[in-house]
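*Asks:* Below, each chain spelled out in residue letters.
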Amino acid sequence: MALKISRKMLPWIFLAPMLMMIIFSWIAPVLLTVYLGFTDLSSKNFLDFIRNFFTENVHLTLENFEKIFFAKDPYVVEALTITAIYVVSVLSINAIFALVLSIAIAYFVRNEIVSMLLRVSWLIPRIMPGIIYALVWNWFIDPKYGLLNTLLKFAGVPEALLPESWLLSPPYSQILMIVVNGYVGASFGMIIYTAAIKSIPTDIINAALVDGASDFQIARHIIVPLLKWPMLFVISWQTLSLLSSYEYILMIWGSGGGGGYAGIARAAKVMVWSLYSYSKAFAAEEHLYGYASALSLILVIVGVVLIITYFKIFGFRRLMEPSRIEV
Amino acid sequence: MVKVILDNVSKFFGKVKAVIDLNLRIGDGEFVALLGPSGCGKTTTLLMVAGIYKPTKGKILFDDKDVTKLPPRDRNVGMVFQSYALYPHMSVYDNIAFPLRLKKVPRNEIDRKVKQVAKLLRIEELLHRKPSQLSGGQQQRVALGRALVKEPDVLLLDEPLSNLDAKLRVVMRAELKRLQKELKITTIYVTHDQVEAMSMADRIAVMNAGKLQQYAPPTELYNKPANLFVAGFIGAPPMNFIEGLIKEINGEYYFDSEYFKLKLVNEIGEIIASKTSETIMGFRPENAKIILEEKPNTIQGKVYVVEPLGKDIIVNIKIGDMIVKILTRPGAELTPGQNIWLQLDMKKIHFFEKQTGKAII
Ligand SMILES: Nc1ncnc2c1ncn2[C@@H]1O[C@H](COP(=O)(O)OP(=O)(O)O)[C@@H](O)[C@H]1O
Ligand SMILES: [Mg+2]
Numbered sequence: 001m002a003l004k005i006s007r008k009m010l011p012w013i014f015l016a017p018m019l020m021m022i023i024f025s026w027i028a029p030v031l032l033t034v035y036l037g038f039t040d041l042s043s044k045n046f047l048d049f050i051r052n053f054f055t056e057n058v059h060l061t062l063e064n065f066e067k068i069f070f071a072k073d074p075y076v077v078e079a080l081t082i083t084a085i086y087v088v089s090v091l092s093i094n095a096i097f098a099l100v101l102s103i104a105i106a107y108f109v110r111n112e113i114v115s116m117l118l119r120v121s122w123l124i125p126r127i128m129p130g131i132i133y134a135l136v137w138n139w140f141i142d143p144k145y146g147l148l149n150t151l152l153k154f155a156g157v158p159e160a161l162l163p164e165s166w167l168l169s170p171p172y173s174q175i176l177m178i179v180v181n182g183y184v185g186a187s188f189g190m191i192i193y194t195a196a197i198k199s200i201p202t203d204i205i206n207a208a209l210v211d212g213a214s215d216f217q218i219a220r221h222i223i224v225p226l227l228k229w230p231m232l233f234v235i236s237w238q239t240l241s242l243l244s245s246y247e248y249i250l251m252i253w254g255s256g257g258g259g260g261y262a263g264i265a266r267a268a269k270v271m272v273w274s275l276y277s278y279s280k281a282f283a284a285e286e287h288l289y290g291y292a293s294a295l296s297l298i299l300v301i302v303g304v305v306l307i308i309t310y311f312k313i314f315g316f317r318r319l320m321e322p323s324r325i326e327v
Numbered sequence: 328m329v330k331v332i333l334d335n336v337s338k339f340f341g342k343v344k345a346v347i348d349l350n351l352r353i354g355d356g357e358f359v360a361l362l363g364p365s366g367c368g369k370t371t372t373l374l375m376v377a378g379i380y381k382p383t384k385g386k387i388l389f390d391d392k393d394v395t396k397l398p399p400r401d402r403n404v405g406m407v408f409q410s411y412a413l414y415p416h417m418s419v420y421d422n423i424a425f426p427l428r429l430k431k432v433p434r435n436e437i438d439r440k441v442k443q444v445a446k447l448l449r450i451e452e453l454l455h456r457k458p459s460q461l462s463g464g465q466q467q468r469v470a471l472g473r474a475l476v477k478e479p480d481v482l483l484l485d486e487p488l489s490n491l492d493a494k495l496r497v498v499m500r501a502e503l504k505r506l507q508k509e510l511k512i513t514t515i516y517v518t519h520d521q522v523e524a525m526s527m528a529d530r531i532a533v534m535n536a537g538k539l540q541q542y543a544p545p546t547e548l549y550n551k552p553a554n555l556f557v558a559g560f561i562g563a564p565p566m567n568f569i570e571g572l573i574k575e576i577n578g579e580y581y582f583d584s585e586y587f588k589l590k591l592v593n594e595i596g597e598i599i600a601s602k603t604s605e606t607i608m609g610f611r612p613e614n615a616k617i618i619l620e621e622k623p624n625t626i627q628g629k630v631y632v633v634e635p636l637g638k639d640i641i642v643n644i645k646i647g648d649m650i651v652k653i654l655t656r657p658g659a660e661l662t663p664g665q666n667i668w669l670q671l672d673m674k675k676i677h678f679f680e681k682q683t684g685k686a687i688i
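As you go down the protein sequences, you meet chains S and E in turn.
Our numbering applies: residue 1 is where the first sequence begins, and numbers increase by one.
Our numbering applies: residue 328 is where the second sequence begins, and numbers increase by one.
No wet-lab data here; the hints were simulated from the structure.
Even for Gly, the Cβ is constructed at its ideal location relative to N, Cα and C.
Worth double-checking, as some hints may not be accurate.
[As the list claims (entries may be wrong)] Using 27 angstroms as the maximum straight-line C-alpha spacing, the simulated DSSO-like pairs for lysine-lysine come out as follows:
hint, chain 1, residue 1, chain 2, residue 2
1, E, 674, E, 685
2, E, 638, E, 616
3, S, 198, E, 494
4, E, 675, E, 685
5, E, 457, E, 511
6, S, 198, E, 344
7, E, 538, E, 431
8, S, 228, E, 511
9, S, 228, E, 381
10, S, 228, E, 508
11, E, 588, E, 681
12, E, 342, E, 442
13, S, 312, E, 457
14, E, 511, E, 494
15, E, 381, E, 330
16, E, 511, E, 431
17, S, 198, E, 457
18, S, 198, E, 342
[Claimed, not checked] Per the computed footprint, the stretches of chain E lying under chain S, defined by three or more beta-carbons under 8 angstroms from a beta-carbon of chain S, are:
hint, stretch
19, 369-382
20, 420-429
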């Protein structure tokens, strides 16, 4: 061979495309966010800013963070509350309800075909383009033509309890936000969980049966403890994606078109932090890029802190010991 | 302790017939081995006794009680799986305590029993470890401990020694046998290793392709195999088989193969000839003598290769284009190609019907 590549270089060459992707799509934006968060960049001084990019002429300031932390922006507290409700509720669906459902589907349903059909039905929203998923929901909840109210009435829910509009009346709009995101997000947890459940050796389940366990005891004493690692993964992953995801909210509450979504989302109390940040940057009449970056930066920090906390709670070091599922 | 009775038990998985019409009676405190090649339905049988699989047909009885429809937890069986199936997230202590915890045994009682079993199996110092920190032999003991701690009526062992190295296997063989005799638990022991079955079991059930071939004590299995399969499966090196016809000439009976003719004892010849003429003769490697000059009623052959085993040697001998194996003590120098004669112990040869494989004598 004419070309000799040392063994130390080789892995880096293979990793290079991946690393480039991570650098450009992840590390660079984070660094840029940090930088912009400390500036007053907006549409008004945009050209000036571009000219002075990364020079000492850029006006560096703590103003954005003062606005956030000292309640100079009155909406921050509300956005925080909504985000907390959103993340905790959807996470419960995605990580915990999905776990219960996966055990039901992958363990209690013995028929392989039925089990597979159930799994696929949860995958449908994920294989659908997001915009179609959002549109389907918009039709579904329509007070006049939609099926939802009809179905609920049929199920015996009194008319007085049904909202005028699922989109705009606050507790209902928040329920809608949680269900829409929960349904599509649960499929992710289910894929991970069902795969993990199916990979538990049948001998272990059979051993527990012979030892005298009921199906419920097997779920509790064998399956759930063996799913610790997948659970940590799903919860961490979903926390991060929930903190930063607003696309379904934007698509459903912004489906009226134009830039009106910011007002609608606020009125419906579905303005989560990430959407708030997005609206600060891109909604009409705002274009406060610096402030939006500062808001996003907070989100990144919250995410990192949460992940570290989870790893502590789950005992990451113990998980890393070579005693997970063995065959 | 109970008797276990399998009454015409079958298990089908769709088209696969894993076990077909199996009848077995296992006495109280008896040690029975299920022996057969891989895939013959041994594990399936065991899982039916444990209650994991429901038989497609037939009944399973513990003493006089029909347990066919009972779930595993109502049968009081202990089982050691081939993979040991220890719970990876539990310590050795918790693994062994698990069956007792499910039974809601009081905490101090659990502690006493776990320690007692641990002592019996000499794994006391391992109690705080996780299964991943144990060697194969230690895992096997823990699995056994978990099966024994609930004082089962029936102990089921699925190839418990197959994952151990050869030396440990020999040690554990003796220990398991001693333990079984000491505890007097009715035991079904699954193995594909005929040496294990022969050395440990009171009786052996030989299975092939889902069917029971013979159910007998080890010596009977060895000396009176019921058919070609059992004859070939039991014993190492395996029995030699030679096809041939039984012929009667002037009131004397001969076994006539393609390459030699052998005069039979009259009574034996008569019995065989009354059943069939197309037969397969079988003789064990240790039941023939190699001699260096021609004598009447011997078989001529050529030394093909010699395999030394230490104490004994296996001599491969070519007769025509067949090869037979003879087990003997090392003696005169045998070189490949050398002409020799085989003298069979005529009282220890077997004959099988060629059509059915069934033993005639
Ligand atoms: N759960 C199952 N589903 C379908 N086929 C099975 C199942 N378990 C065993 N079998 C089949 O039944 C036959 C006997 O298997 P098994 O009892 O495991 O054999 P052994 O333990 O003697 O090696 C094999 O052909 C195997 O493929
Ligand atoms: Mg098996």
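*Asks:* Does the structure keep residue 511/E and residue 431/E at a Cα separation of 27 angstroms or less?
*Replies:* It holds: about 26 angstroms lies between the C-alpha atoms, which stays within 27 angstroms.
*Asks:* Just to be careful, I want the Cα atoms of residue 342/E and residue 442/E compared with a cutoff of 27 angstroms; is the pair within it?
*Replies:* Violated, because 46 angstroms separates the two Cα atoms, which is more than 27 angstroms.
*Asks:* Are the Cα positions of residue 198/S and residue 344/E separated by 27 angstroms at most?
*Replies:* holds (25 angstroms)
*Asks:* Count the residues of the stretch 420-429 of chain E whose CB lies closer than 8 angstroms to any CB of chain S, then report whether that count reaches three.
*Replies:* holds (count 3)
*Asks:* Three residues minimum, CB to CB under 8 angstroms: does the stretch 369-382 of chain E make the cut for coverage by chain S? Let me know.
*Replies:* That given contact holds, which follows from 4 residues of the stretch 369-382 of chain E lying within Cβ reach (below 8 angstroms) of chain S.
*Asks:* Has the given pair, residue 228/S with residue 381/E, been kept, meaning a C-alpha gap of at most 27 angstroms?
*Replies:* Roughly 32 angstroms separates the two Cα atoms, so the pair is violated.
*Asks:* Is the Cα-Cα distance between residue 538/E and residue 431/E 27 angstroms or less?
*Replies:* Given pair residue 538/E, residue 431/E is violated - Cα atoms ~40 angstroms apart, limit 27 angstroms.
*Asks:* Holds or violated: residue 228/S and residue 511/E, Cα atoms, limit 27 angstroms.
*Replies:* Violated - the C-alpha atoms of residue 511/E and residue 228/S are around 41 angstroms apart, more than 27 angstroms.
*Asks:* Is the Cα-Cα distance between residue 638/E and residue 616/E 27 angstroms or less?
*Replies:* holds (17 angstroms)
*Asks:* Taking only the CA atoms, is the gap from residue 312/S to residue 457/E under or equal to 27 angstroms?
*Replies:* Measuring from Cα to Cα gives roughly 21 angstroms; hence the hint holds.
*Asks:* Checking one constraint from the list: CA of residue 228/S to CA of residue 508/E, max 27 angstroms. Satisfied?
*Replies:* Outside the cut-off at roughly 42 angstroms; violated.
*Asks:* Is residue 511/E within 27 angstroms of residue 494/E, Cα to Cα?
*Replies:* Satisfied, since the Cα-Cα distance of roughly 26 angstroms is no more than 27 angstroms.
This entry does not satisfy hints 3, 5, 7, 8, 9, 10, 12, going by the numbered hints stated previously.
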